[in-house]
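Colleague: Protein sequence lines, in the order shown, are assigned to chains A and B. Under our numbering, the first residue of the first sequence is numbered 1, with each subsequent residue one higher. Under our numbering, the first residue of the second sequence is numbered 1001, with each subsequent residue one higher.
Read the hints as simulated data drawn from the structure, not as lab findings. Where hints are given, some of them may not hold.
Unchecked claim - Here are the in silico distance ranges between beta carbons for each label pair: (1) B:1068 to A:7: 24 to 34 Å; (2) A:78 to B:1067: 40 to 50 Å; (3) B:1005 to A:63: 43 to 53 Å; (4) A:96 to B:1053: 37 to 47 Å; (5) B:1052 to A:85: 36 to 46 Å; (6) A:7 to B:1040: 31 to 41 Å; (7) B:1054 to A:76: 14 to 24 Å.
As the structure is a computational prediction, the values presented were derived from the model and not from experiment. The C-beta atom is built at its ideal place from N, Cα and C for all residues, glycine as well.
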Amino acid sequence: EAEVAQSPRYKITEKSQAVAFWCDPISGHATLYWYRQILGQGPELLVQFQDESVVDDSQLPKDRFSAERLKGVDSTLKIQPAELGDSAMYLCASSLLSGTYEQFFGPGTRLTVL
Amino acid sequence: GDSVTQMEGPVTLSEEAFLTINCTYTATGYPSLFWYVQYPGEGLQLLLKATKADDKGSNKGFEATYRKETTSFHLEKGSVQVSDSAVYFCALSEGGSEKLVFGKGTKLTVNP
């Protein structure tokens, strides 16, 4: 069964360092999402891609976060510099077509900033 | 803005007990409603959904009915199993948008 892949699964870093997370969506899925899930909270959308274009990045802290999906397939989310408050689970999801609403989630990357 | 409120957890039940997890929403239009489940160490999985008022979503013995008059989408299961232990998230997607807005999640533990 096709799955969304994410790496690394766990990342520990010190504040002010740079970190990057990678996501490989299900093959053929045009829409890709990055969510942040703080412990004890529900996921919050950071950025949404349709193919290689950003559709929604209104909640992305652009002073330190960046996201790209250069060839419209896999994606990278970067934080530079990391802050203590960035400790969270970062989830990637993909969906086949715009408007189908069913999003398939990866296992997430657990980030701890010391 | 749109929001989802679900009952605080954790919820602890014995096997074969009846489960209800309350979920209410606030939205300007007519959203689609979802329940996602997150098993330990795994990503979120779609459990069920409903796209219009009075629709009932169902899957794996779980059910939820879209109630527009009470802006609710409560999750129910008649007889829970130990394997149902997980965190359950209620979510909405506003019409025309794919953005999911999640509740805070409810952790369910089922004891044998």
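Colleague: Where does the structure disagree with the numbered hints, that is, which hint numbers, in rising order?
Modeller: 1, 3, 4, 6, 7
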